[in-house]
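First residue of the sequence shown? That's 1 in the UniProt record's numbering, and the numbers climb one at a time after it.
Hints listed in this document are in silico derivations from the structure and should not be mistaken for laboratory results. A few of these clues could be false.
Simulated restraints on C-beta separations [unchecked claim]:
| id | residue 1 | residue 2 | range |
| --- | --- | --- | --- |
| 1 | R17 | T96 | 31 to 41 angstroms |
| 2 | A23 | D143 | 32 to 42 angstroms |
| 3 | F55 | T96 | 14 to 24 angstroms |
| 4 | G54 | A145 | 13 to 23 angstroms |
| 5 | P146 | G54 | 18 to 28 angstroms |
| 6 | P32 | G54 | 17 to 27 angstroms |
| 7 | P146 | F55 | 14 to 24 angstroms |
| 8 | T182 | T16 | 16 to 26 angstroms |
| 9 | P84 | G147 | 15 to 25 angstroms |
| 10 | T96 | R19 | 30 to 40 angstroms |
| 11 | D27 | G108 | 14 to 24 angstroms |
| 12 | G172 | D52 | 33 to 43 angstroms |
| 13 | R17 | S155 | 24 to 34 angstroms |
All values derive from a computational prediction rather than experimental measurement. Backbone N, C-alpha and C define an ideal beta-carbon position, used for all residues, glycine too.
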Amino acid sequence: MRVVVKVGGSLLGDGTRLRGVLAGLADGDEGPCIVVPGGGPDADAVRAAQRDEGFSDAEAHRRALDAMSSTASRFRAIEPRLAPTRSPWDGVATETALVWDPAALRGGHPDIPETWDVTSDSLALWLAARMRAPACLVVKSVDAAPGLDAEALSSSGLVDAAFPAFARCFPGSIAIRGPGRTVPIQRRRAA
Numbered sequence: 001m002r003v004v005v006k007v008g009g010s011l012l013g014d015g016t017r018l019r020g021v022l023a024g025l026a027d028g029d030e031g032p033c034i035v036v037p038g039g040g041p042d043a044d045a046v047r048a049a050q051r052d053e054g055f056s057d058a059e060a061h062r063r064a065l066d067a068m069s070s071t072a073s074r075f076r077a078i079e080p081r082l083a084p085t086r087s088p089w090d091g092v093a094t095e096t097a098l099v100w101d102p103a104a105l106r107g108g109h110p111d112i113p114e115t116w117d118v119t120s121d122s123l124a125l126w127l128a129a130r131m132r133a134p135a136c137l138v139v140k141s142v143d144a145a146p147g148l149d150a151e152a153l154s155s156s157g158l159v160d161a162a163f164p165a166f167a168r169c170f171p172g173s174i175a176i177r178g179p180g181r182t183v184p185i186q187r188r189r190a191a
């Protein structure tokens, strides 16, 4: 079973760390994995274009998926051992580290709202749940405070607004890795 590892597009601004993260994933540091790329500066450009041009959130969502596809290509250029995939649940060799191109979601999916509430963070959890992955690791350019749950992380702006709902649907472990530490996400206890 593959672990899902979301690598933030913001790491494109720290080439040394990004190369190390991608090489480690290709070397198998997290075991068999699939990398979910963040949108990075291309997603920021979509936000700016939406403000300037006034297109819908659904169109912005599709353009943000394109930004993730672009980041996937950049990740592969940095670490060629990452094999590209648009359908990670299809039969790809288990030992291969993959990088996901989410282009197939451009047509929409009933489980994924097409708003800015859903970014690559939530898409990583959606993919992890769909693949029945044992874990989802979210690699960020900043550290998360220990002891937080998904709701607190979302309120702080470290993850998107939909992250808590997607986290509730994913039974595996979730952690945030910043440059200094890896922090497990706390699960809320049922009342």
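Results of checking the hints against the structure:
Between R17 and T96 the beta carbon distance is about 23 angstroms. The supplied range of 31 to 41 angstroms is therefore violated. A hinted range of 32 to 42 angstroms is violated for the C-beta pair A23 and D143, which are about 21 angstroms apart. Evaluation of the 14 to 24 angstroms hint for F55 and T96 yields a failure: the beta carbon distance comes to about 37 angstroms. For G54 and A145, the Cβ-Cβ distance of about 37 angstroms falls outside the hinted range of 13 to 23 angstroms, so the restraint is violated.
Checking the proposed 18 to 28 angstroms range against P146 and G54 shows it is violated: the Cβ atoms sit about 41 angstroms from each other. Judged by the Cβ atoms, the range 17 to 27 angstroms given for P32 and G54 is violated: they are separated by roughly 43 angstroms. Between P146 and F55 the beta carbons are some 40 angstroms apart, a value that contradicts the proposed interval 14 to 24 angstroms. A C-beta distance of roughly 19 angstroms is found between T182 and T16, which places it inside the suggested range of 16 to 26 angstroms.
Distance hint check: the CB atoms of P84 and G147 are about 37 angstroms apart, inconsistent with the given range 15 to 25 angstroms. In this structure the supplied range 30 to 40 angstroms is violated for T96 paired with R19, their Cβ-Cβ distance being about 19 angstroms. About 36 angstroms separates the C-beta atoms of D27 and G108, a value inconsistent with the hinted range of 14 to 24 angstroms. A beta carbon spacing of about 39 angstroms between G172 and D52 agrees with the range 33 to 43 angstroms that was offered as a hint.
Separated by about 26 angstroms at the C-beta atoms, R17 and S155 satisfy the suggested range of 24 to 34 angstroms.
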